[in-house]
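Number of protein chains: 2
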Amino acid sequence: MDPKKNKNNLIGKSIPRIDAPAKVTGKALYTGDIVLPGMLHGKILRSTVAHAKILNIDISAALALPGVKDVITAKDTPCVKFGNWRLFPQTQDELPLALDKVRFIGDEIAAVAAISAEIAEEALTLIKVDYEIIPAVFNVDDSLASSAPMIHDGNPDNTSNISLDRKIDVGDIEAAFKDAYYVREDSFTVHSHSHAYMEPCASLAEVDSEGRVTLYTSTQTPYIVQCLLASTMEIPENYVRVIKPSVGGGFGGKMELRAWDFCSAFMAKRTGRPVRIVLTREDELAVGRRRHGMKIKSKVAFNKDGTIIAKDFEAYLDGGAYNSMGPTATFLCGNFGAMIYRYPVYRYRGYHVYTNLPPSGAMRGFGAPQALYVSETQMNMAAVDLNIDPIELRLKNAMVTGDKIEGVTTISSAGLVESITKVAEMTNFLEKKKNLPKNKGIGIGCYSFISGGVFNWFNTQYNFSSCEVRVYDDGTAHLLTMSADIGQGSDTVLRQILAADLGLPVEKIRLTAGDTAMTPKCDLGTWGSRVTLMNGNAILDASKKIKEQLSKMASLKFDLNVIHEVSFSDERVYAKANPKRGITFGEAVKMWVKANRGEELTARGYYTPRDKGLTTPAYSFGAQVAEVDVDPETGVITVERITTAHDCGTVINPLGVEGQLEGAIQMGIGYTLCEQFAMRDGKTLNTTFLDYKIPAAEDMPEIVSAAIDTYEPEGPFGAKEAGEGLVIPTAPAISDAVFQATGYRCKELPITPEKILRATGKI
Amino acid sequence: MDPKKNKNNLIGKSIPRIDAPAKVTGKALYTGDIVLPGMLHGKILRSTVAHAKILNIDISAALALPGVKDVITAKDTPCVKFGNWRLFPQTQDELPLALDKVRFIGDEIAAVAAISAEIAEEALTLIKVDYEIIPAVFNVDDSLASSAPMIHDGNPDNTSNISLDRKIDVGDIEAAFKDAYYVREDSFTVHSHSHAYMEPCASLAEVDSEGRVTLYTSTQTPYIVQCLLASTMEIPENYVRVIKPSVGGGFGGKMELRAWDFCSAFMAKRTGRPVRIVLTREDELAVGRRRHGMKIKSKVAFNKDGTIIAKDFEAYLDGGAYNSMGPTATFLCGNFGAMIYRYPVYRYRGYHVYTNLPPSGAMRGFGAPQALYVSETQMNMAAVDLNIDPIELRLKNAMVTGDKIEGVTTISSAGLVESITKVAEMTNFLEKKKNLPKNKGIGIGCYSFISGGVFNWFNTQYNFSSCEVRVYDDGTAHLLTMSADIGQGSDTVLRQILAADLGLPVEKIRLTAGDTAMTPKCDLGTWGSRVTLMNGNAILDASKKIKEQLSKMASLKFDLNVIHEVSFSDERVYAKANPKRGITFGEAVKMWVKANRGEELTARGYYTPRDKGLTTPAYSFGAQVAEVDVDPETGVITVERITTAHDCGTVINPLGVEGQLEGAIQMGIGYTLCEQFAMRDGKTLNTTFLDYKIPAAEDMPEIVSAAIDTYEPEGPFGAKEAGEGLVIPTAPAISDAVFQATGYRCKELPITPEKILRATGKI
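Those sequence lines, one after another, are chains A and B.
Under the numbering used here, the first residue of the first sequence carries the number 20, and numbering increases by one thereafter.
Under the numbering used here, the first residue of the second sequence carries the number 20, and numbering increases by one thereafter.
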């Protein structure tokens, strides 16, 4: 192991989550738990039709209801369009409340603030909306038909519902296919599903007498919400303070400004009282953000020996009614279409298409799970056709450290070969596959994912990640960061990184996070598995500055030779060559304060990836094997065991990675087998967890895993992502295992018992 | 007027208090308003005897009461003594809860935390304390008698109840008196009274799973509470976060760690639940801190022409049962005995004496009102004897800029002569005095006060005052300071100072204050009229650093000659010589962020007075005339008019100074005429505002005032204190006026109708 990794024995040590005691004892405060004096309760009126002009909204009866303090529609607001892709303002296609038309069932139309949630709810029923219905489209094909209604007026070309596209061209695609030994061409449909985070969204705003807003909101991205709320309210950015209380999961679904954020703040400003809006599970399932459903055509050319020559990849993303994070999904789908194998020639055409459905957005792996479901399934199909075992076929083509995607990125560390080899060994894959009992299957899927994004779509002028570290003579430190722990455990890992570097116990690090008025500007938040790498690097930057200062104190005190290194461990600052020549950390700080005439020792750290291509500074990799049993009579699939070998660089907190892995497998199984929206004419029918099935503890398989020992040069102590990538391989691995068990090769997720019974001729 | 003062037209402008809208609409949250989930209610058991050994405390019945979650006595705690004078640990004589003995009626013995305040109250009645009574002393004379019981075992000499003394010797006192033309020697008694702040003290603590305490408390000094709470709980200083919510007044009564702070934190740690303790008005009046009562002997020698030759000043302070801020009061009494006139020879003997009364502490002007009541009354008496009018006598001796108190301080600005002259003019003092109608009186009193203390009695290693200023490209700024606005309006003034210096409107300054975990370490808090000068200077230090950075941007953009100054006003940064060559403040920040590759522009500012003598960096001065009517039948005194001319340096916010002046007159009238504790055997009998009389709005006189135009070189924009000094002159002025009206010269405050009737032979 690289000695750089094992810093003070803390890196690689399983540390329980800092937030766990408060959460398991019920003390943690979520936005919906916070009560402010005089607080009003807000509710939002949503469109009941999928596509219509708004002719008139009559709020008079609602306003007259006793206890109602405010009712707003778009006409009361500045009507500033917003969206996360600020770099391209034409992608900003949402209004906080719909002005002239509604585009999906659930589109926000009006908001009420009242002295109780019940009165607010009743007031909603008194608002009368006159619609002029417009024909609606509920899938990509209909939306792209020449007769389709235009969902937005301001599209780039104004002639179709394609809101944006992404093209990648590497090499001569026509020539490459012409000479190919074997070409595999398939069409796939991958479906949408819900984040199903435990905490429905909520917002609580108060506004001071000078118009400054404090917004508590369940968010992954306090800075993004701050900026967009300010622009939609037409107030200075720094008049908005966003505080992230405890957040019960996000998975990409909480990284945007949302209507309730705006409405609670705007009504708080109008009424002079705090306004809280809490969504229900029904709201979340019916109209919440979701994973992009896609139609993907993929054509891959191989040499006779299995070497990939070229790939032609085309994706149509069902974006729903607004862009949301669709641009990124369109981009990443193309990026991961070009991975995780070497594709010397690659063409990608990605189209983000508006439909009259609830908008799709970011969701764990956004774009990658869809692309890699297709790619990995095609690899398994090609292996059959080429009569090469799927392990060998993968190893032959797998990306390795130093590989490049032209114009996109360079792979600075890759443990894919090792992961594939390891997972095959762990499962005795080839042997087991040859000797499968009846109705049993074993399959493999591989993945890669980004460790944070490089492309500055939010167009911030600040560093991507920042922090401040203050240290004290009592031997403690204070880490201030705008990073947002939404349940993934980043607060724990960030403390661990700082503690390891300063040589302090983790509990001596006070952490303040997720408050835009208190913590250094900026951090772009939690998405794209960016926190550990990006904020970790910012922390090491700040820590380095602190250590430089304290090293001077030890050097002064012990008259150290200028060539001597000063070390930090065990709460001491000492000459590395002679540890006895040292003082406690607290004493060193005290000396510094004296030497600096009473100043507090503090340092800021920053990280922005520069010259790291277009996508990410570092990629994780891994391979997963699923073993399944399929009941031939019912078609029910039981996932018996999931074995994973993954490369997330240095594992900083094994306990945290384990949690991510288990959660990813749960989400991956749900995606593959059961989670699906039942839709009728744009309306979501399954809006409770009774109807919308997510795997429960009893549905979980045996889980086996191994971490591949790699070192990512760009990551803190060699670490890279472990948050999202792990959700990717489960679908192709299960799908392949189901094929082994049943002969049914799924090109249309999810794999339901019905599909299996149909494929096997049982129904 | 000095051009330095008029910065962007904001200095000298009346600006309403930033906290006013929230306070008048009831939205402001005081500690007692804050409710945390799962919160317990705490109550404190107090001694019912004045002096006793504690033989046993039986808490079993209280613990058994349903709903009681914790009961603590000293034995459950670390028993670490504390006190504000950390520099001299022998002065730290308090325990959070009494261990082996109680020293006054009200001494804290035990604390209870329960699910309701009622249950906690009931539990107190179930705690049984066995005492062994010790004789008690309730005044300085009895306490200093040879037969007196020792109240503390660990006194410096262990032979008397004098806890500490202070001696000042300037020149040969015996020689000076020998040759004097006129010597005036008097003994005075000045009494104790209550701060009577509107908000009784309260504390609310929660403790996280790692033992970090967050304490909300009604305090003037978050940093002091942080440090002392940490030491009494034996945890690292930075495990304590003190947050100061809205505070309803303090006047010196809220500048220490108090038993409720400790008990709420300690019980929160034990129970794992937040604990809130809210005092009642009865608690406050019965056992709260109060002004030091003193016995003062003063002997002053004059030449025939009225020039003062020498002064011999001796004060015995009734400290009550603990030192509290008594050392400072003892020190300041001697300091102000040597002011506000030139005393070429001066001797001071000050003794702080323990008694079995509630401890005295800091209170608006601590030490100065008592000393100056005596001095000013003696000046008025000497004027009669010497047949020199009191204006002339004062002008002859008044301190002027550049005067020194040997070994103590240099007066860097003094507007005393101008104040005396001005107030005499404004009131037509001499004419009016010569022609007084029957039962009418007119009198004069003068004052000086410190603008913050220099002597580092808290023994902090940090700067006395610190702040951070962050600026943003939206043209706003954020000021972070540990300063504590307790109602005096400092938040408003501090924003005004920063806004003036950066050339921004005040409302564009976000202010975060009074949170030890968020704001720069440290600021010593609100006492000694220190905030405007000290934090103001820290702010100007930070602002200078910000402006240096932004000046570079303007210089770069307009290719300014290196000799050109860059100005900041009207939200612009521009060449002073050519204002057209400028950019908006926000644009300058944006340029800086670009030039610094995404860093946030922030600067810290610090201020510590250095080489400013022992007492303060700057003295305020002023003179006040009171006009009274005395009813000869009832002895009731009506204060008809108070006229003040005062020198607080540059007036930053006239509205704020006006508020201080009015409040000070109200407090001064109460002190002089009616506020007094009714005590019997150490027990306070008047514990409600029905029995303890403070002047109400209807008791207020006509108020006239003028600010003397001076410039204090050490103060921000030339400002010095206006918070405490103004409370000083009212007592001697009224007392002198009463003498003019009745012939009664008061040497024992307060001046009650009874005293007047006795003096005039009516009873």
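It is possible that some hints are incorrect.
Unchecked claim - Simulated crosslink set (EDC-like; lysine to aspartate or glutamate; CA at most 16 Å straight-line): (1) 46(B) to 229(A); (2) 415(A) to 324(A); (3) 42(B) to 256(A); (4) 609(B) to 324(A); (5) 42(A) to 141(B); (6) 564(B) to 618(A); (7) 288(B) to 229(B).
To be verified - In silico contact screen, one side only, chain A against chain B (beta carbon under 7 Å); selected entries: (8) 255; (9) 256; (10) 456; (11) 459; (12) 478; (13) 480; (14) 493; (15) 617.
Hints were generated in silico from the structure; no laboratory data involved.
Everything numeric in this text was worked out from a predicted model, so none of it was measured.
Here a beta-carbon is modelled for each residue, glycine too, at the ideal position from N, C-alpha and C.
Please list, smallest to largest, the hint numbers that this structure does not respect. The structure breaks hints 3, 4, 5, 10, 11 and 12; every other hint is satisfied.
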